[in-house]
Structures are given as structure tokens and as C-alpha cells.
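Asks: Sequence:
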Amino acid sequence: TVNSTSGEVSGTGYTAGGAKLTGYAASLDGDTAILDFADPSWANSTITARGGVIYDATDGNKVRAVLDFGADVTSTNGTFTVQLPAPAAATAVIRIA
1 TVNSTSGEVS
11 GTGYTAGGAK
21 LTGYAASLDG
31 DTAILDFADP
41 SWANSTITAR
51 GGVIYDATDG
61 NKVRAVLDFG
71 ADVTSTNGTF
81 TVQLPAPAAA
91 TAVIRIA
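Here the sequence shown stands for residues 1 to 97, where the numbers follow the working numbering.
Quick caveat, the hints were computed from the structure, so don't treat them as lab data.
Be aware that a few hints might be false.
Said to hold, decoys possible - Dumping the calculated EDC-like pairs for lysine to aspartate or glutamate here, alpha-carbon to alpha-carbon at most 20 Å:
id: 1; residue 1: K62; residue 2: E8
id: 2; residue 1: K20; residue 2: D31
id: 3; residue 1: K20; residue 2: D68
id: 4; residue 1: K20; residue 2: D56
id: 5; residue 1: K62; residue 2: D72
id: 6; residue 1: K20; residue 2: D59
id: 7; residue 1: K62; residue 2: D36
id: 8; residue 1: K20; residue 2: D39
As the list claims (entries may be wrong) - Have a look at the derived ranges for each label pair, beta carbon to beta carbon:
id: 9; residue 1: T32; residue 2: T5; range: 29 to 37 Å
id: 10; residue 1: S27; residue 2: T74; range: 17 to 25 Å
id: 11; residue 1: L28; residue 2: T48; range: 33 to 41 Å
id: 12; residue 1: N77; residue 2: A16; range: 14 to 22 Å
id: 13; residue 1: D29; residue 2: T76; range: 34 to 42 Å
id: 14; residue 1: A97; residue 2: N44; range: 36 to 44 Å
id: 15; residue 1: V2; residue 2: N77; range: 26 to 34 Å
As the structure is a computational prediction, the values presented were derived from the model and not from experiment.
Yeah, the Cβ is synthetic: ideal placement off N, Cα and C, and Gly gets one too.
Assemble the whole structure, with the sequences as input and the hints as a guide.
Replies: Structure follows, in C-alpha cells:
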């Protein structure tokens, strides 16, 4: 699947395409390789979102992970932060067993 900004969330303080993930860390948890990143955030934003994707802009925008927040999450003139799962074999957002 390829990421597209068509139908993407919009709002004050948000730029189409999202944010570049930073704080990359790779590690092993037992026999599972895991990746972790800093939680992306948008300051002074008004956004409502149900989920998001992590995609590789260097590889044709291929989607690497889909996030479901479980319900709509909203910021109103505040900081919208996506709290990525804990970096462990059972929970990391990207893991290879």
C-alpha cells in the first residue's frame, strides 16, 4: 500500500504528509528486532484523527505501519501528540521476529 495525502486529516498546525519520524532506535528484545521513534507532535494545532500511517518517503511512499487510535483523538489549539507503542517485542510499532 502506498501513502496518499488524498483524504488526509487537515487542520491548523498540520502539514499534509505528516511529520518525519526522529529519534530512531533499533534494538533486540529476545529474538525480535524492534524499531522505536520519538513520539511525533504538532504544536498549536487543531486536529481530529482516528489513526495514522508510517510510510517510507524514500521508497515510493510505501506504508510500513498502520496506527489505529481506537477512537477519534482531538487537539484544539494545543499539542497533538501520537504516542507510539512501547519498544518491546510484543508492542513495538515495527518489529521483526
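Asks: Take the hints in turn and mark each one as holding or not.
Replies: Hint check results:
1. K62 to E8: holds (16 Å)
2. K20 to D31: Not satisfied, since the Cα-Cα distance of roughly 28 Å exceeds 20 Å.
3. K20 to D68: Satisfied, since the Cα-Cα distance of roughly 19 Å is no more than 20 Å.
4. K20 to D56: holds (10 Å)
5. K62 to D72: violated (24 Å)
6. K20 to D59: holds (14 Å)
7. K62 to D36: Distance ~18 Å between K62 and D36 Cα, so the pair holds.
8. K20 to D39: Distance of about 11 Å is within 20 Å: holds.
9. T32 to T5: 29 to 37 Å: holds (32 Å)
10. S27 to T74: 17 to 25 Å: violated (33 Å)
11. L28 to T48: 33 to 41 Å: Holds, at about 37 Å.
12. N77 to A16: 14 to 22 Å: For A16 against N77, whose Cβ atoms are near 20 Å apart, the range 14 to 22 Å holds.
13. D29 to T76: 34 to 42 Å: holds (37 Å)
14. A97 to N44: 36 to 44 Å: Holds: the Cβ-Cβ distance is about 40 Å, inside 36 to 44 Å.
15. V2 to N77: 26 to 34 Å: Once the Cβ atoms are compared, 33 Å apart, the range 26 to 34 Å for N77 and V2 holds.
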